[in-house]
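Undergrad: If you want the building blocks of each chain, they are given just below.
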Amino acid sequence: MIELPDESPEAILAEFESRGWGDGLPLIAPTAERVDLMLGGADPDEVVAVLAPRDGRADRRAIAVNAVLAGCRPDTMAVLVAAVRALAQPQINLRGVNATTHPVAPLLIVHGAVVDQVGFNGGLGAFGPGNRANATVGRALRFVLLHIAGAVPGAGDASTQGQPSKYTYCVAENEPASPWGSYAASVGVDAPSAVTVHCGENPHNFHDMESASAERILGKASSLMTTFGANNACIATGEFFVGLCPEHARTIADAGFDRGDVAQWLFDHARRPAGEYRAHFDLRVWTDEMNAAADDDLIPPTGQVDNIKVLVVGGAGKHSCVIPSWGMTTSVTMALDT
Amino acid sequence: MSIRIHTPEGTIDRPATQRAPAPATLEGVRIGILDNTKPNADVLLRSAADALCAATGAQVVRTDTKNAALAAKDQVLDGMTREVQVVLTGSAD
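As given, the protein sequences belong to chains A and B, one line each in that order.
Counting in this note's numbering, the first sequence runs from 1 upward without gaps.
Counting in this note's numbering, the second sequence runs from 339 upward without gaps.
Honestly, the hints are just simulated from the structure, not real lab data.
Errors might be hidden in some of the hints.
[As the list claims (entries may be wrong)] The list that follows gives simulated cross-link-like pairs (lysine to aspartate or glutamate, EDC-like), each with its CA atoms no further than 20 Å apart: (1) B:K404 x A:D288; (2) A:K220 x A:E247; (3) B:K404 x A:D282; (4) B:K404 x B:D373; (5) B:K404 x B:D416; (6) A:K318 x A:D190; (7) A:K220 x A:D190; (8) B:K376 x A:D282; (9) B:K376 x B:E365.
[As the list claims (entries may be wrong)] So, partial list: chain B residues that the calculated Cβ filter (under 10 Å) puts toward chain A: (10) H344; (11) E347; (12) T349; (13) T375.
Quantities reported herein were computed from a predicted structural model and do not represent experimental measurements.
Every residue, glycine too, gets a C-beta built ideally from N, C-alpha and C.
Please put together the full structure from these sequences, using the hints given.
TA: Here it is as structure tokens:
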């Protein structure tokens, strides 16, 4: 515990700034009463995860402190705890995620009953401002990284430019508008509520307001997946999350595509000649098949179709997005504690 | 009125590690190179190793590579531990 001279927002902000804590924005003071409320009677000493690179022990107390700072309501704590647990799974490669010069940030996607119970937004403007649950839980997850994992710009986060989603990056899946049911269930997590953590870039928007053709819509997604600018352009383990808006998803589903068909279509069509990749990159982390391809052979930007993840997010309108991963990381979907 | 608040960092899981003592001399020391495969890392590390060897009589006896985004494999670290006394590593973009 530390002591502040007074209760003003300016006092805590000044104290945190002087210690190198926080994200630069105003904070809620984590008093004992607020932290206890956030804990909701759970054991504060239970260690949820140990987070690299600092090897910080993310016990429930420390998570709750960061949740209070970010402005979370206590009913979001289960989502935050599940997200922290997901971050620590080895396939996330959190040390690399936090230490790389790439701007990668963990995107937290919330699935299932908790979306409505707590009020997460998977609809209009889901990636944008205006929803407390999205904004504060994403911010709290960043605080956990900054404070507990030690992902402080410079010492623990070498990101050359950073990216806006390092402040907060949390959305809900718009499952009610999905023609293909729950994303979590599609990857084998059949639970009432779940979270997915995908360490990636900001959303890359694509727009199609005129097509009644699934192929014309997906063709725009495939063009984003084959940009040379994405960090995972030459990393065969790289994942692509394709966030379809409900209207695009409906058009595609009405053409007979299920979720797997969408991923397969993108895997088959999001391709460039291998020689173009070779001309642009000396360093490539490719499969044997990609390495064996002739320069004229069309190859995908990722090694297997399962690396293309499809879900529905957003509201009315015809904007969707592709979210490339950092590359050397694999997303994790986990059930919330019941 | 003053207030008391929790700090946000929690505790650290690992015991404090000690730096290995620096060798008193590099004369006759066995050097390993751990190249993280970033552009020019091999040139930088090899040049540094050559300069050290020329100045001190040390010898490069082992060179390994690793992906910059992943930890070195246990096999590599075990080999380095067995065979060398000093490791040169590290290079960013």
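Undergrad: Run every hint past the structure and note whether it holds.
TA: Structure-based check of each hint:
A C-alpha spacing of about 18 Å is found between B:K404 and A:D288, which places the hinted pair at or below 20 Å, so the restraint holds. The hinted pair formed by A:K220 and A:E247 meets the criterion: a straight-line CA distance of about 15 Å does not exceed 20 Å. Only pairs whose Cα atoms come within 20 Å are accepted, and B:K404 paired with A:D282 is accepted, the gap being roughly 16 Å. The hinted pair formed by B:K404 and B:D373 meets the criterion: a straight-line CA distance of about 6 Å does not exceed 20 Å.
Restraint check: the Cα-Cα separation between B:K404 and B:D416 comes to about 14 Å, which is no more than 20 Å; the hinted pair holds. Between the alpha carbons of A:K318 and A:D190 the distance comes to roughly 29 Å, so the proposed pair goes past 20 Å and is violated. At roughly 31 Å between alpha-carbon atoms, A:K220 and A:D190 are farther apart than 20 Å, so this suggested pair is violated. Note on B:K376 and A:D282: the hinted pairing holds, with a Cα-Cα distance of about 10 Å set against a maximum of 20 Å.
Our distance criterion of 20 Å between C-alpha atoms is broken by B:K376 and B:E365, whose separation comes to about 29 Å. With a cut of 10 Å, the hint placing B:H344 at the interface with chain A holds, because the nearest CB-to-CB distance is about 4 Å. Because the closest C-beta pair between B:E347 and chain A is about 5 Å apart, less than 10 Å, the hint holds. Among the interface hints, the one on B:T349 holds; its C-beta lies about 5 Å from the nearest C-beta in chain A, closer than the 10 Å criterion.
For B:T375, the interface hint holds, the least distance from its beta-carbon to any beta-carbon of chain A being 7 Å, beneath 10 Å.
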